[in-house]
Amino acid sequence: MLPPAPAAAPGARVPRRKHSGTSFNAYSGGRQFPQTTESLKRAPRCDDDGLPLSDENLLHVFSGSLGTADLVRCAATCRRWRRLVSSEAGFICRSAPSAEERHATGLAVGFFHKGAAENGGAHAPPRFVPLGPRFRDAALDAIFDGEPFRSSTVVASRKGRLVLEYRRVSRAAILRLAVCNPMTGDVSVLPALSGKDKPGHYACALLTADDFEADAADPPRSGGSAFRLVLVYNRRNFTASRSFSSDAGAWAPEGKVSGAKITSKNIERMHRNAAVAVRGAVFWLAKCAVVGLHVGTLEATVQVLPCDYRPCLCHGLVVEKRVLTATPDGRLCVAEGWLAHGTMLRLLFGDGSSVQSGNRFSKDETKMAVRLEPPLPDRTSGSICLQGVCEKSGVVFFAAGNNRQLLYALDMEKKEARLILAAAPDDGRWCRPPVLGWFHAYEMDRVAYLTSLG
0 MLPPAPAAAP
10 GARVPRRKHS
20 GTSFNAYSGG
30 RQFPQTTESL
40 KRAPRCDDDG
50 LPLSDENLLH
60 VFSGSLGTAD
70 LVRCAATCRR
80 WRRLVSSEAG
90 FICRSAPSAE
100 ERHATGLAVG
110 FFHKGAAENG
120 GAHAPPRFVP
130 LGPRFRDAAL
140 DAIFDGEPFR
150 SSTVVASRKG
160 RLVLEYRRVS
170 RAAILRLAVC
180 NPMTGDVSVL
190 PALSGKDKPG
200 HYACALLTAD
210 DFEADAADPP
220 RSGGSAFRLV
230 LVYNRRNFTA
240 SRSFSSDAGA
250 WAPEGKVSGA
260 KITSKNIERM
270 HRNAAVAVRG
280 AVFWLAKCAV
290 VGLHVGTLEA
300 TVQVLPCDYR
310 PCLCHGLVVE
320 KRVLTATPDG
330 RLCVAEGWLA
340 HGTMLRLLFG
350 DGSSVQSGNR
360 FSKDETKMAV
370 RLEPPLPDRT
380 SGSICLQGVC
390 EKSGVVFFAA
400 GNNRQLLYAL
410 DMEKKEARLI
420 LAAAPDDGRW
430 CRPPVLGWFH
440 AYEMDRVAYL
450 TSLG
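Counting from 1, position 55 in the sequence shown corresponds to residue 54 in numbering that gives the first Met the number 0; the numbering is continuous, with no gaps.
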């Protein structure tokens with residue numbers, strides 16, 4: 000049973016959670032530093048005390064040889080420095096990272112997965128598995144250690160943020176969502192949707208200011224932790240959409256989706272797949288189709304994919320194992336893989352047409368042979384099952400082996416994949432029937448992390 004609703008008003012940002020009287024920041028590498036309320040209180044002071052420096056001079060200092068930890072300390076100095084670090088993170092990070100910060104392009108890369116069932120049948124809270132050793136001890140999943148988020152489900156992961164759905168059995172008719180940044184501990188609790196406002200099955204997408212074109216109407220404010228959460232769902236006679244803006248702190252009125260028809264079955268499939276944003280539109284994979292929605296006009300598109308893929312048959316069910324992502328130049332890309340004289344990956348690309356009319360997937364494809372380290376054992380049978388993809392870094396997670404017990408991370412640029420884990424948390428198999436919240440790729444790069452400090 001969940002405790003009473005948080006004291007914070009819906010839509011407000013919840014302060015960083017405290018764990019056993021200590022404050023935690025993921026970038027500390029897992030170390031905890033005691034903080035008390037008294038130590039956080041400071042006497043009022045002027046932001047321009049000491050030697051006055053212009054914003055331009057400060058930015059040149061910040062973009063020099065400072066590492067990420069140093070920039071975080073600078074952002075904590077005063078409001079002015081925090082504003083500069085967060086709003087100009089792209090400029091600050093243009094220079095090459097220092098030798099000890101070669102991870103900066105992928106500050107935190109890994110995945111969240113749903114834990115095994117505990118005594119009583121309830122699933123354990125989601126856990127984070129990092130790719131590299133830097134965040135091996137960082138508690139990016141610490142938010143799930145207590146209520147109300149212990150019983151929550153991850154429904155989306157993008158740009159270092161998670162979208163969580165949590166519910167009470169006694170309030171099943173209420174949709175309660177939250178957006179959190181596990182790197183900083185910030186949580187935004189969204190107003191609950193109940194009664195006629197509550198959607199049935201829905202698909203969601205999380206967008207930030209840089210996902211919109213310059214001439215877009217009412218994009219999220221630039222910089223900081225601003226975001227927009229878009230929901231798509233079906234009513235009795237039409238497809239509807241509504242969005243939550245962190246700037247307004249409220250849900251916008253429900254709008255009617257025009258264009259292509261989105262079936263309820265596709266909504267369920269979209270609900271399980273990660274969304275991709277391209278030039279003010281969001282896209283989801285739905286079996287043999289890519290469903291798109293232009294956020295400004297609420298025009299929907301459905302583009303059919305080639306159906307000659309090789310599905311997963313691990314559980315006696317035909318389960319699609321494709322992942323959707325986007326290239327740096329804004330082209331949609333569908334990845335699928337199989338075993339045939341080694342590990343093969345096929346990439347299907349959109350033809351680059353305008354987003355409003357929908358990207359078309361044709362015979363524009365690329366096939367690549369992937370080198371595994373270590374290689375699969377001899378006489379390995381079956382297919383490889385793609386689990387998720389990190390949109391910016393291009394890391395693709397897939398399961399392989401006779402029982403899909405091996406989990407690999409593929410670098411699409413290098414065409415190399417390395418073994419991450421040799422067994423799933425419970426039954427030794429990573430490939431599973433479609434289960435919401437089972438696997439979500441996660442990444443937070445240096446720019447996004449510094450921007451989120453605003």
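Please keep in mind that the hints were generated in silico from the structure rather than gathered at the bench.
Everything numeric in this text was worked out from a predicted model, so none of it was measured.
There could be a bad hint or two in this list.
Stated by the list, open to error - Dumping the calculated DSSO-like pairs for lysine-lysine here, alpha-carbon to alpha-carbon at most 30 angstroms: (1) Lys-366 x Lys-414; (2) Lys-286 x Lys-414; (3) Lys-366 x Lys-255; (4) Lys-413 x Lys-391; (5) Lys-260 x Lys-197; (6) Lys-264 x Lys-286; (7) Lys-366 x Lys-391; (8) Lys-366 x Lys-286; (9) Lys-195 x Lys-255; (10) Lys-197 x Lys-255; (11) Lys-413 x Lys-366; (12) Lys-260 x Lys-195; (13) Lys-391 x Lys-264; (14) Lys-286 x Lys-260; (15) Lys-197 x Lys-264; (16) Lys-197 x Lys-286; (17) Lys-286 x Lys-413; (18) Lys-197 x Lys-366; (19) Lys-414 x Lys-391; (20) Lys-286 x Lys-255.
For this session: Take the C-alpha atoms of Lys-260 and Lys-195, compute the straight-line distance between them, and say whether it is at most 30 angstroms.
Result: holds, 22 angstroms
For this session: Starting from Lys-366, check that the Cα of Lys-286 is at most 30 angstroms away, please.
Result: holds, 20 angstroms
Exercise. When you check the alpha-carbon spacing of Lys-413 and Lys-366, does it fall within 30 angstroms?
Worked result: Roughly 14 angstroms separates the two Cα atoms, so the pair holds.
For this session: Given the hint that Lys-414 pairs with Lys-391, test it: the Cα-Cα distance must not exceed 30 angstroms.
Result: Status holds; Cα separation ~16 angstroms.
For this session: For the pair supplied as a hint, Lys-260 and Lys-197, confirm whether the alpha-carbon distance does not exceed 30 angstroms.
Result: holds, 21 angstroms
Problem set entry | Pair hint Lys-197 and Lys-264, alpha-carbon separation not exceeding 30 angstroms | holds, 18 angstroms
Exercise. Is the hinted pair Lys-391 and Lys-264 satisfied, with a Cα-Cα distance of at most 30 angstroms?
Worked result: Roughly 29 angstroms between the alpha carbons, so the hint for Lys-391 and Lys-264 holds.
Exercise. Is the straight-line distance between the alpha-carbon of Lys-286 and that of Lys-255 30 angstroms or less?
Worked result: Answer holds: Lys-286 to Lys-255 is near 24 angstroms, not above 30 angstroms.
For this session: Decide if the proposed pair is consistent with the structure: Lys-197 and Lys-286, CA atoms, cutoff 30 angstroms inclusive.
Result: holds, 26 angstroms
Exercise. Holds or violated: are the alpha carbons of Lys-197 and Lys-255 at most 30 angstroms from each other?
Worked result: holds, 15 angstroms
Exercise. Holds or violated: are the alpha carbons of Lys-366 and Lys-255 at most 30 angstroms from each other?
Worked result: violated, 39 angstroms
Exercise. Can the restraint linking Lys-366 and Lys-414 be considered satisfied, given a maximum Cα separation of 30 angstroms?
Worked result: holds, 11 angstroms
In this structure, the earlier hints numbered 3, 18 are contradicted, and the remaining ones agree with it.
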